[in-house]
Amino acid sequence: MVASEDPRAALVLFSGGQDSTVCLAWALQRYARVETIGFDYGQRHRVELECRPRVLQAMRRLDPAWDRKLGDDHLLDVGLLGQISDTALTSERAIEMADSGLPNTFVPGRNLLFLTLAATVAYRRGAQVLVGGMCETDYSGYPDCRDNTLKALQVALSLGMDQPLVIETPLMWLDKAQTWTLAEQLGGQALVDLVAEHTHTCYLGERSQRHAWGYGCGRCPACELRRRGHEAYLSR
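Counting from 138, one number per residue, gives the positions in the sequence shown under my numbering.
I should point out that these hints are in silico values taken from the structure, not numbers from a laboratory. Everything numeric in this text was worked out from a predicted model, so none of it was measured. Heads up, some of the hints might be wrong.
Claimed, not checked - The following label-pair restraints were derived from C-beta to C-beta distances: (1) ALA293 <-> ARG145: 29 to 35 Å; (2) THR257 <-> ASP204: 23 to 29 Å; (3) ALA289 <-> GLY325: 33 to 39 Å; (4) ALA349 <-> MET298: 17 to 23 Å; (5) GLN346 <-> VAL292: 38 to 44 Å; (6) GLN220 <-> VAL184: 16 to 22 Å.
In this text, a Cβ means the ideal position worked out from N, Cα and C, and glycines have one as well.
Could you put together the complete structure from these sequences and hints?
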């Protein structure tokens, strides 16, 4: 728990995945008003979009204070991103390393676009804080998840909107085990169970296989990170 509530409003980039769900709980503990925003970009694992409303409903039931704070959800159609990108997240292809040295799950410009669009919505909705689950610890090397990238974007968005705008990344320096631990600290075992049961991370959109850490194929990079983090969390 935090000592006092921040009177500002926050807009959380909320995909329906583990990281963004923990970030949503983090924001609900801190800010007076919280809204969420998601993006449909033709992602291969678009089942995550179906998970979003279920996670939001479960979060409301988890804590009456969170229910009072949680405001509107916004879902934007950014299908153009899927059309112009050529990645394993937007087309049916094997997940592998590309010639660039990055996995072919990297969608160029995705977080830059998402945060810019979120800033536009935040401007209209009177929110001063954007919250994202970007992480530079346990991640796939995506350059738009790096702390320096987001700090630079925060400056650009604040200048371009002509008002202060803060990008908060509470998971930036946490590994996946620590992310599970943070979920427990924020919402107890109930939030840990919610993350395991309702969120989606698997790049292949697999939800027919239930593991201790949640649903997924168990083989893609996202599932591997989530599984290893959960095992480390349990072995603390």
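Results for each hint:
1. At roughly 20 Å, the beta-carbon separation of ALA293 and ARG145 lies outside the given 29 to 35 Å, and the hint is violated.
2. For THR257 and ASP204, the Cβ-Cβ distance of about 27 Å falls inside the hinted range of 23 to 29 Å, so the restraint holds.
3. Separated by about 37 Å at the C-beta atoms, ALA289 and GLY325 satisfy the suggested range of 33 to 39 Å.
4. Our hint of 17 to 23 Å for ALA349 and MET298 is violated, since their Cβ atoms are close to 43 Å apart.
5. A hinted range of 38 to 44 Å holds for the C-beta pair GLN346 and VAL292, which are about 43 Å apart.
6. With their beta carbons about 20 Å apart, GLN220 and VAL184 fall inside the hinted range of 16 to 22 Å.
Consistency with the previously given hints fails for numbers 1, 4, ordered from lowest to highest.
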